[in-house]
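Sequences and hints are given; from them, build the entire structure.
Protein chains: 2
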Amino acid sequence: MKVGVVGGGQLARMMIPPAIALGIELRVLSETDDSSANLLRSGSVGDYRDAETVLEFARGVDVITFDHEHVPQDVLARLVENGVAVHPSPAALAVAQDKLLMREKLAELGMPLPDWARISSPADLAAFLAEHGGAAVVKTPRGGYDGKGVRVVRDVAEVEDWFVAGDDLLAEELVEFRRELAQSVARRPSGEISVWPVVESVQRDGVCAEVIAPAPASSGAVADLAADIAVTIAEKLDVTGVLAVELFETTDERLLINELAMRPHNTGHWTIDGSRTSQFEQHLRAVLDLPLGATGMHRNWSVMVNILGGPISTRYAAVMAEQPTVKFHDYGKVARTGRKVGHVTAIGNELDEVVYQARAAAVPVSLTE
Amino acid sequence: MKVGVVGGGQLARMMIPPAIALGIELRVLSETDDSSANLLRSGSVGDYRDAETVLEFARGVDVITFDHEHVPQDVLARLVENGVAVHPSPAALAVAQDKLLMREKLAELGMPLPDWARISSPADLAAFLAEHGGAAVVKTPRGGYDGKGVRVVRDVAEVEDWFVAGDDLLAEELVEFRRELAQSVARRPSGEISVWPVVESVQRDGVCAEVIAPAPASSGAVADLAADIAVTIAEKLDVTGVLAVELFETTDERLLINELAMRPHNTGHWTIDGSRTSQFEQHLRAVLDLPLGATGMHRNWSVMVNILGGPISTRYAAVMAEQPTVKFHDYGKVARTGRKVGHVTAIGNELDEVVYQARAAAVPVSLTE
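Chains A and B supply the protein sequences, listed in that same order.
Going by the numbering used here, the first residue of the first sequence is number 89, and it counts up by one from there.
Going by the numbering used here, the first residue of the second sequence is number 89, and it counts up by one from there.
Treat the hints as calculated values from the structure; they're not laboratory data.
Incorrect hints may have been included.
Remember, identical chains collapse to one label, so a pair may be satisfied in a single copy or spanning two.
[As the list claims (entries may be wrong)] Result set (DSBU-like, lysine-lysine): computed pairs, CA atoms no more than 30 angstroms apart in a straight line: (1) 428 x 324; (2) 421 x 324; (3) 90 x 193; (4) 90 x 236; (5) 236 x 193; (6) 421 x 193; (7) 324 x 236; (8) 421 x 90; (9) 421 x 236; (10) 193 x 324; (11) 324 x 90; (12) 90 x 428.
Encoded structure:
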């Protein structure tokens, strides 16, 4: 079994341990020599936008999958033309690559979305603002992540620079939400689907800071609805591998879809330590069309906290001594302000303790360091 | 943090996942290009018996540790002379390398051992047999593993070939035991020790077939005694890293030491899936003198079953579907009759179910395959 992963970020990195356990030969196409996942003898370095590079990389693997959604459709088409199995498929990925296409497809499926509109001009945006209380979330359809490409605007001038590029923009109502949730599922080409518990995702400055699994007080209708939404999307869009659906739980108790990701997702990192099957193992099983693993939790609660900025390993001596139950995950990245360089996960049966442990492990031990 | 592991077997292989998680650069010195652990860009291939090769390999790492106990003492001495941190130390490793030295040291410490004797001649063995009901276990002091170098003898002629080599042999009484146990601990150079639950190890044909953690009915005096024995050995012999102590539980309710291993051990593989901290992560933490992780279990029971012969991955489609909770570990080895090529682990709260799941996943699905 050989799996080729395009992209050498932390998601590809975290696929390596389950690949080793399962005896899968993982080949990663990294962007640069010092990419997070460029650890293996079987790795390559090259430009994922170049069709010849990706075709050459794909030679001899059983399936190509992804660390990110940025591989151009023309490159994906070349893979398919050459008989390479690609999961998720180019057609499914297209929906994750373009936020406007995503809204169109999800609306067709009757999925619950914030009010949205395609914005082709400042006049369009002015009209949308007028209809939505003078505020909107404006997003560039492509290339955004971690708060980039997303602005809350109350005046057309605030996205003036984005109109210059000439591409359409997405405008969405500013949803009044109680909290943000995320629902991950995995689906095999042959149809089997597995579902993890819905989680709460706490964002700071547009970046996921903390994830609580399961989302507190989510055992009933909310959990069922979140699972239904993700399963429906996975089936109707023929998603293969892991699908993560970011959701708003509104103050009037609806769930609205915020974003989709067709790959392992930050809100699923807790599964490495908290679930019988991690999202990374499940993604590999799914894209190889192997039976999916059980998704039960080891303990009642898992809390994941991202490490931003860094470094993480220089804190080990103090933090490991204080928090012997916490699990550490370092992405092998150069520390930079605000950059995700790792995460920690705590699991246990009492939420207050687990939250405390994870947060304590994620912050610098001393203010003087 | 850079750790060099001498030896590229499955133990080194299973150190790779926790090294990636912790952001430790693992460098493995493998025997051959297709060694089980020769997966990393940072790996080397070379002869661990050659001092220059090992010295070159050790350049730039923070600590050298081991996949096996076979590195010659003169090579270890050269490392120490050159200022390389070596864990476990050559002095500790010497005890694990020579079964006669091991008995001498453990006897000095007052540790409970089967009756034993150094055998220099057929006459010595004849005398030992006469004193022990006509039966003995005879072992070559060096190089044995998985039943190799061990014979149950009732006649001197049965080890005639071993006397030819001229080295002393070890004779031990044939212990009447109820079951075999194993106790693993980990110890840092600075002294901290962590203890996993004592486990039951089921052997077939001299090879570990199955491990049940914890050993059934071992919550009281047996567990305390097993832990005391392992902690005492680790402290008195200054063992660093993981120490596994194989024990006989005798029919008259004593614990006697069978063998020691100063590295992660087959009887500790269950910790990957069943414990908060796996023996492989703990070994890395210990040899780097980092604080040790918690050793609590995820569920009441973990059962590990070795896969002998193989292959394992060709069974996935059927076995994963039948046993979605079982975790699979493939060592990337060419299948050969009787060879350990992987293991599976099941965890759960009911022992009967867990044993069933692990065994079902470990045997061929169909007799016709």
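Verification of the supplied hints:
1. 428 x 324: This pair counts as neither: shortest intra-copy Cα distance 32 angstroms, inter-copy 44 angstroms.
2. 421 x 324: Neither: 37 angstroms inside a copy, 40 angstroms across copies.
3. 90 x 193: neither (32 angstroms within a copy, 48 angstroms between copies)
4. 90 x 236: Result: close neither inside a copy nor across copies, 34 angstroms intra and 35 angstroms inter.
5. 236 x 193: within (23 angstroms within a copy, 64 angstroms between copies)
6. 421 x 193: Neither way: residue 421 and residue 193 sit 36 angstroms apart in one copy and 46 angstroms across, limit 30 angstroms.
7. 324 x 236: within (28 angstroms within a copy, 57 angstroms between copies)
8. 421 x 90: both (26 angstroms within a copy, 15 angstroms between copies)
9. 421 x 236: This pair counts as within: shortest intra-copy Cα distance 20 angstroms, inter-copy 45 angstroms.
10. 193 x 324: Answer is within: at 10 angstroms inside a copy they meet the 30 angstroms cutoff, but 68 angstroms across does not.
11. 324 x 90: Answer is within; shortest intra-copy Cα gap is 28 angstroms, inter-copy 47 angstroms.
12. 90 x 428: both (29 angstroms within a copy, 22 angstroms between copies)
Checked against the numbered hints above, the structure violates hints 1, 2, 3, 4, 6; every other hint is satisfied.
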